[in-house]
Amino acid sequence: MGEERPRVSVVVPTRDRPQLLKRCQAALEAQTLSIEVVVVEDAEGRGPAWARNEGVRRAQGEIICFTDDDCAPAPGWAAALTAPILAEEAQATAGRTLMDEGATPADRAWEAIVGYLQEQAASPGTTSPGFAPTANLACTRALLQRLPFDESFSAAAGEDRDWSERATRQGAAPRLVAKALVFHQPGMSARDFLRQQCRYGQGAAQYRKSGQDRRAGSHGFYSGLLRAGFRSGRASGALVCAAQVATLTGILSARSAARR
Numbered sequence: 001m002g003e004e005r006p007r008v009s010v011v012v013p014t015r016d017r018p019q020l021l022k023r024c025q026a027a028l029e030a031q032t033l034s035i036e037v038v039v040v041e042d043a044e045g046r047g048p049a050w051a052r053n054e055g056v057r058r059a060q061g062e063i064i065c066f067t068d069d070d071c072a073p074a075p076g077w078a079a080a081l082t083a084p085i086l087a088e089e090a091q092a093t094a095g096r097t098l099m100d101e102g103a104t105p106a107d108r109a110w111e112a113i114v115g116y117l118q119e120q121a122a123s124p125g126t127t128s129p130g131f132a133p134t135a136n137l138a139c140t141r142a143l144l145q146r147l148p149f150d151e152s153f154s155a156a157a158g159e160d161r162d163w164s165e166r167a168t169r170q171g172a173a174p175r176l177v178a179k180a181l182v183f184h185q186p187g188m189s190a191r192d193f194l195r196q197q198c199r200y201g202q203g204a205a206q207y208r209k210s211g212q213d214r215r216a217g218s219h220g221f222y223s224g225l226l227r228a229g230f231r232s233g234r235a236s237g238a239l240v241c242a243a244q245v246a247t248l249t250g251i252l253s254a255r256s257a258a259r260r
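Each residue of the sequence shown is one higher than the one before, starting from 1 at the first, in the numbering used here.
None of these hints come from the bench; they were simulated from the model.
A couple of the hints might just be wrong.
Simulated DEER-style distance windows between Cβ atoms [what the hints assert, rightly or not]: (1) L252 - G102: 31 to 37 Å; (2) S223 - D16: 20 to 26 Å; (3) D42 - R260: 37 to 43 Å; (4) A190 - P75: 30 to 36 Å.
Small disclaimer: the values here were computed from a predicted structure and weren't measured.
Glycine is no exception: its CB is placed at the ideal position from the N, C-alpha and C atoms.
Let the hints inform the model, and build the full structure from the sequences given.
Here it is as structure tokens:
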């Protein structure tokens, strides 16, 4: 008799961050659900979309969870995240990604933006239908085989947004599981945050170019985003405001590069 095939696999893309990866692996070893862990080292810099697709190819589970090497899932994360899929109530689920202790204002700004996008994922005016960050996502293998990540997104910017929108369009919008928690490594500086948001803007330009009816959000959407930022504190709110400028800069730079 061979070993029983695991029902749940967790894919972790990584690149040159061994200490953070150890933290992530320790958190996965503490899961209450039996899981297979598949780490994909992107030594050639092919991007997180490729790494996730490669992880799916290597994984044996019928359900595939994703997290990042700079994240530490809570002990009951895998069980909570996969429960609706195992019950055949959903094809995809997403949990909350929160900053761990010691978060900076930039960390809180990032958390506010991601949380707001998830809250607005089903709203008519959202810029990101079905948005689910891949730091905390689970899907059936069948769905991922039908809808792999788009590897033309070569950076960690826009590939999760693109996948979520395509899944939503096919009736498989990720269901939010609020108690499935992942904790992100804190310590981001304001400069790093704004550089990240500029890169997200470049990804946003590619996202809008890659699909029909992908447009900018409504005035109400962005007003709500700014309010969410200031609920995390003045400094975080100011950074969320600055992030809109950084994102626009990234969009314009990507469009300029495409015209050359």
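**Prompt:** Can you give the numbers of the hints that this structure goes against, from lowest to highest?
**Reply:** Numbers 2 and 3 - these are the hints that the structure violates, sorted from lowest upward.
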